[in-house]
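Here's the letter readout for the chains.
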Amino acid sequence: MTRRLTAVSEEAALEQLHEAGCTDGLPVVIPTPARVERMVLASGLDADVSLGQLGPNLGEATVEKAAIASVMAGCLPDYFPAVVAAVRAVSDPRMDMTEVQATTHNLGPLLIVNGPAVDACGIASGFGALGPGHRANASIGRAVRLAMISIGGGRPGTSDMALLGHPGKFTFCLGEDEEASPWPPLHTSLGYDIDQSTVTVACTEGPHSVLCFPDDDPEVYAEHLLNVLAASLSGLGANNTHFARGTQVLVLNPDHAIALADVGHDRTTIAEALHQRAKRSWSELSTVRARGSGINRHQRRQGEDPDLVVPALSSPDALLILVAGGTGLYSAVMPSWGAGPHGNGHLTVEIDLDQACEVPLPGSTQWASSAI
Amino acid sequence: MRDAIKAARLDTPAVALVTTKFSPQGDFVSRSAGMPDIPRVKLPHPVAGTGEKAMKMVADDIADEVLQALGATG
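Those protein sequences? They're chains A and B, same order as listed.
So the first sequence is numbered by this note's numbering: it starts at 1 and just counts up by one.
So the second sequence is numbered by this note's numbering: it starts at 1 and just counts up by one.
Possibly wrong hints are sitting among the right ones.
As the list claims (entries may be wrong) - To be clear about the criterion: a stretch of chain A counts as covered by chain B if any three or more of its residues have a C-beta under 8 Å from a C-beta of chain B, and this derived list gives those stretches:
(1) 51-58
(2) 153-167
Unchecked claim - Incomplete in silico selection of chain A near chain B, CB under 10 Å:
(3) Thr98
(4) Ala102
(5) Ser286
(6) Arg289
Unchecked claim - Simulated restraints on C-beta separations:
(7) Gly328/A / Lys56/B: 22 to 32 Å
(8) Val29/A / Lys21/B: 30 to 40 Å
(9) Lys21/B / Ser50/A: 28 to 38 Å
(10) Pro156/A / Ile5/B: 49 to 59 Å
(11) Arg289/A / Leu67/B: 45 to 55 Å
(12) Ser50/A / Ala54/B: 51 to 61 Å
Keep in mind the hints are simulated off the structure, nothing from the lab.
Cβ atoms here follow ideal geometry from the backbone N, Cα and C, with glycine treated the same way.
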């Protein structure tokens, strides 16, 4: 049931929402009934349809509540189908959102949008796609975070126990640059048709920059690139390296993607190559952690064998590879947590762009506000 | 916390072990799960990754409290 608040002005309503712990600390658009109703219409769903339960509060993520979060985040109604899909994803028990929100590790859901929704919503996928200035990216990602705060109850220090957090916990959404990519879009490798729209969610750390200079020899360039990516995916401080679990994300800039495609690589062969190369020996791991503190399944199986080689990726499928960002020297990796009952994997949900009702233009402002 | 609540719902005596820093979170989760009075014992923070020796010391320190929370007498 949505609790309804009243206030004498939008300024007063904003203060109420801040005080109630329903914001991310930044100003929000006041979710008046009229604004929320318009947002709900954009989904083509009834307001009380449940998209799932969000932990750790196990709050019911109804369409109306997701709409409230979307209004507050500054979404246009056109973006709402993407938010609905993303909320379905983070509410899915396989995403372990209770544990993701509760962990001391610094991770948050990264939303990767593919298909016609990228253009339909105007989601940026090029220069600075994860940075400021892109309304759709900023507000879609923020809507999911506000849902995680208000519906899921994730509040720092009491139920969101991240020791530091990261800026992507405000908003963390981008599209794949399907035009610049030398390969079919990411979602087609996850079982969807090219004309379907999807959001793929993986809970990760923020982007870690990976530098690789071009080389005159295409084979050498590709080899250098794979080596530095593998090293970055198996950092000695990364959970994945120690736990050998969890989805990691690799965002190749278009130049790096083309460099790999030029020598015959595709998404599958890159994932296989990096699964093979992103490894650390037990000797290396033992230099950075106490004996007996390991919970790595390889260690459990084989003991503390100095010759043991531990993969940072449990399989090639534990790496999501997309093409995004501007052209240049830098790609990025997002390591992850590698824990939780389901092992911190990824999930893809279709975005239904066809069900939206015609959304009326905004009318006059009403001061009665509703909060989640 | 949730594991303890699940066990308690099956009529299995249960006590949740929560580190001091996670105590407010434990309170939040027990309330949201509808069992605010689930017995709990606080542990020092952190316990994860502190090694077997430290864990045994913690276990020794809290054993009596755990038994009491489970309703042991005598």
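These are the hints, each one checked on the structure:
A stretch counts as covered by a chain when three or more of its residues have a beta carbon under 8 Å from one of that chain; for the stretch 51-58 of chain A and chain B the count is 3, and the coverage holds. Residue count for the stretch 153-167 of chain A with a Cβ under 8 Å from a Cβ of chain B: 5. That meets the three needed, and the coverage hint holds. Restraint check, Thr98/A versus chain B: the minimum CB separation of about 7 Å is within 10 Å; hint holds. For Ala102/A, the shortest C-beta to C-beta distance to chain B is roughly 6 Å, which falls under 10 Å, so the interface hint holds.
Evaluation of the Ser286/A hint against chain B yields a violated restraint, the C-beta minimum of about 14 Å exceeding 10 Å. A cut of 10 Å between beta carbons decides the hint on Arg289/A: the least distance to chain B is about 8 Å, and the hint holds. Taking 22 to 32 Å as the suggested C-beta distance range, the pair Gly328/A and Lys56/B does not conform, at roughly 53 Å. One distance hint, 30 to 40 Å for the beta-carbon pair Val29/A and Lys21/B, holds here, with the actual separation near 35 Å.
For Lys21/B and Ser50/A, the Cβ-Cβ distance of about 33 Å falls inside the hinted range of 28 to 38 Å, so the restraint holds. Distance hint for Pro156/A and Ile5/B: a CB-CB separation of about 24 Å, inconsistent with the stated range 49 to 59 Å. Look at Arg289/A against Leu67/B: about 33 Å separates their beta carbons, and that is not inside 45 to 55 Å. Against the hinted window of 51 to 61 Å, the Cβ-Cβ separation of Ser50/A and Ala54/B comes to about 44 Å, which falls outside the hint.
Checked against the numbered hints listed earlier, the structure breaks hints 5, 7, 10, 11, 12; every other hint is satisfied.
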